[in-house]
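Undergrad: Build out the structure end to end from the sequences listed, making use of the hints.
Protein chains: 2
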Amino acid sequence: MKRKGILIILDGLGDRPVKELEGKTPLEYAKTPNMDKLAKIGILGQQDPIAPGQPAGSDTAHLAIFGYDPYQTYRGRGFFEALGVGLNLDEDDLAFRVNFATIEDRTIIDRRAGRISTEEAHELAKAIQENVKISADFIFVGATGHRAVLVLKGMAKGYRVGENDPHVEGKPPYKFEYEDEESKKVAKILEEFVEKSHKVLKEHPINKKRKEEGKPVANYLLIRGAGTYPNIPMKFTKQWKVKAAAVVATALVKGVARAIGFDVYTPDGATGEYNTDAIAKAKKVVELLNDYDFIFLHFKPTDAAGHDNNPKRKIEMIEMADKMIGYIIKNINLEETIIAITGDHSTPCEVKNHSADPVPLLIAGGGVRTDYTESFGERECMRGGIGRVRGKYIVPMMMDLMGRTEKFGA
Amino acid sequence: MKRKGILIILDGLGDRPVKELEGKTPLEYAKTPNMDKLAKIGILGQQDPIAPGQPAGSDTAHLAIFGYDPYQTYRGRGFFEALGVGLNLDEDDLAFRVNFATIEDRTIIDRRAGRISTEEAHELAKAIQENVKISADFIFVGATGHRAVLVLKGMAKGYRVGENDPHVEGKPPYKFEYEDEESKKVAKILEEFVEKSHKVLKEHPINKKRKEEGKPVANYLLIRGAGTYPNIPMKFTKQWKVKAAAVVATALVKGVARAIGFDVYTPDGATGEYNTDAIAKAKKVVELLNDYDFIFLHFKPTDAAGHDNNPKRKIEMIEMADKMIGYIIKNINLEETIIAITGDHSTPCEVKNHSADPVPLLIAGGGVRTDYTESFGERECMRGGIGRVRGKYIVPMMMDLMGRTEKFGA
Chain A
865 MKRKGILIIL DGLGDRPVKE LEGKTPLEYA KTPNMDKLAK IGILGQQDPI APGQPAGSDT
925 AHLAIFGYDP YQTYRGRGFF EALGVGLNLD EDDLAFRVNF ATIEDRTIID RRAGRISTEE
985 AHELAKAIQE NVKISADFIF VGATGHRAVL VLKGMAKGYR VGENDPHVEG KPPYKFEYED
1045 EESKKVAKIL EEFVEKSHKV LKEHPINKKR KEEGKPVANY LLIRGAGTYP NIPMKFTKQW
1105 KVKAAAVVAT ALVKGVARAI GFDVYTPDGA TGEYNTDAIA KAKKVVELLN DYDFIFLHFK
1165 PTDAAGHDNN PKRKIEMIEM ADKMIGYIIK NINLEETIIA ITGDHSTPCE VKNHSADPVP
1225 LLIAGGGVRT DYTESFGERE CMRGGIGRVR GKYIVPMMMD LMGRTEKFGA
Chain B
865 MKRKGILIIL DGLGDRPVKE LEGKTPLEYA KTPNMDKLAK IGILGQQDPI APGQPAGSDT
925 AHLAIFGYDP YQTYRGRGFF EALGVGLNLD EDDLAFRVNF ATIEDRTIID RRAGRISTEE
985 AHELAKAIQE NVKISADFIF VGATGHRAVL VLKGMAKGYR VGENDPHVEG KPPYKFEYED
1045 EESKKVAKIL EEFVEKSHKV LKEHPINKKR KEEGKPVANY LLIRGAGTYP NIPMKFTKQW
1105 KVKAAAVVAT ALVKGVARAI GFDVYTPDGA TGEYNTDAIA KAKKVVELLN DYDFIFLHFK
1165 PTDAAGHDNN PKRKIEMIEM ADKMIGYIIK NINLEETIIA ITGDHSTPCE VKNHSADPVP
1225 LLIAGGGVRT DYTESFGERE CMRGGIGRVR GKYIVPMMMD LMGRTEKFGA
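Line by line, the protein sequences give chains A and B.
In terms of the working numbering, the first sequence opens at residue 865 and continues consecutively.
In terms of the working numbering, the second sequence opens at residue 865 and continues consecutively.
Be aware that one or more of the hints could be misleading.
Just so you know, same-sequence chains aren't split out, so a pair can sit in one copy or run between any two.
Said to hold, decoys possible - In the DMTMM-like style, the derived pairs of lysine to aspartate or glutamate whose C-alpha atoms are separated by at most 25 Å in a straight line are: (1) Lys904 <-> Glu1244; (2) Lys888 <-> Asp1235; (3) Lys1060 <-> Glu1046; (4) Lys883 <-> Asp1264.
Hints in this document: simulated from the structure, not taken from any laboratory.
Quick caveat, the model's predicted, so the values are computed rather than measured.
TA: Written out as structure tokens, the structure reads:
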């Protein structure tokens, strides 16, 4: 019997015991009737996206979960960001993640320029693209909020370049480091690009208006995450012979999904932020399930709450995700579907960053074995029937339950 | 948040059910209130130092637990023994573990010369170093008890040499085997060394006195464990960017710790034997924790009791270790520390040697997830939240909880 599959990744889901939650984790504390129902009829476990003890980025973790060895595949973040904003790149392009930031007296005051709006940032990006001339062809476009993407055409060989982002406020921007002649060239181009952009930005009407309104001006670019074409030996869709769609708002994860062959959808209202419209995403999943065999649904704000060390917010976001999942399971035939729910990594509130704690994993749907677990949470997952597995086995296990694996041997 | 780490290895900890202990293992039977407390607030699991089904030596197991692939790293026991007694060796040296033994009519009567005292053995070793002349430069020094170390300077290429130790009493010593021209040279030198040492030993006043007292004389050398410089790609301390100290009495394990960059301490009274002063070791750990980020505490006599097939003794030793751990946890801030407790391998009483049974593993301290386990023992570890992992993941998991890992990806 062939089934369809839905892989739901709640970004940064895993956590550690939180004192103010009576020693429970946010997932254990949250009211999650829909995920608990799936836990009861399905099977739980823990997964290490890369390996025990190795914290993963969102990009490397998603690659690993989709079956790609990140140590072989990964060539830096920038390329996925660029794919994620819809750019089509060539094999010799070099791409960067960029922040609009606020600088004053050569000191970074705000790394996100007061979280400038997407509309303003796109207009500023357009001004830079039109007015800045440097000794390389480039593409510069806004993403969401303060985020933007820079592509240096044909400069891939210079990928060993550093960043100018000090990653904290109150410091001057770094000078771009380099490791060889090619990256030295790129570093010089980037310095030039940043200075010329700075001149365009500080005179731009949007910034003059922001200044008048007392808002941080977006007068500087912080550039990091040099990335080149990832080494994807075979697209996910070809490897598994499935039609696959992704419902994602976050550019980086969109980029990963595009790189491995998913059609990517971002329904109106899906922002990747705390204000995201989770039900809009659920509706899109249900709708796409008519046309596709495999759906990947990404939900970002659980991760943000961990980064912000805000357990209450993380609980809210998990409960929002549970409603999203509730909508999906009410509107599909679960007997004909395999649903897996996990995170790409843990983002414990106490760490305010990704950790290597293993990530809760749930698989439910037609044919799935059941274990003795009663609810979805870190502790229950420890006694779940899946045991502790590497992230790379999630998709094969799903595909097998979906009737889409091939026997090896006779 | 950065935490400090204490890795406690109770040598040979794991065991099998023992009939006279109502089918419990020594660890399950022993009264271990301190480890049980840590089990309740922490997380348990099982670890295979090398791989399921593969029994490990103490040297290879420690290498594996510290993150080094023993198949790539290990170059024989002798080198670690030599490092462990404080020798500084060159890359082309060849080192051996030596036993003082008793021979009569070309038959080994006692492989440990009546467990001769350290003082006597050191004096005998000195006599050999001063009086034996062979066709190679050598260093010969006593270790603890009947143990000694021989180094042949510049002879590393002859490492494919065998041993003269028959490993049982009532047999003549073996002739040294060899596999190539270089090891043939070494075998010849060793035969010469053993015979000339035999002459020095049998005439030595210490042995004359032992004979008069009816004690076995230390009149022969059993040589084994040829070892050359291990292949350590990067010191532990550099890899993890920590200041690391080891509290160890056993020469072999001291040698491993030195080889990977630990500062090694042996407090007075710590002997590695049943009479060891465990509290002295605990005090040293607490003291060192002021200056170091990572402490490795090794406790040997649990292993000896397994080798001796003495479950009662093993229980005593485990209870002694529990008091040692009790002292430590009473005198540190557990919220700011990660403690891991495990063995380097199992030494089941019924086997009287190392087995491949997985080893109980406990991790507790600030931020650590809890599971449903209540006490530290083989059976509880089987349902622990860590699951079953390879030994090489213990340190990365600790370092992640200590806030000292680096994310791979963005």
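Undergrad: Using 25 Å as the alpha carbon limit, work out where Lys888 and Asp1235 are close: within a copy, between copies, both or neither.
TA: both (22 Å within a copy, 11 Å between copies)
Undergrad: Quick one: Lys904 to Glu1244, C-alpha cut-off 25 Å, is that within a copy, between copies, both, or neither?
TA: both (11 Å within a copy, 16 Å between copies)
Undergrad: One pair to classify: Lys883 and Asp1264, alpha carbons no more than 25 Å apart. Within, between, both, or neither?
TA: Intra 40 Å, inter 20 Å, cutoff 25 Å: inter-copy only.
Undergrad: Should Lys1060 paired with Glu1046 be assigned to within, between, both, or neither, using CA atoms and 25 Å as the limit?
TA: So Lys1060 and Glu1046 pass the 25 Å test inside one copy only (21 Å; across, 65 Å).
When the structure is compared with the earlier hints, no violation turns up for any of them.
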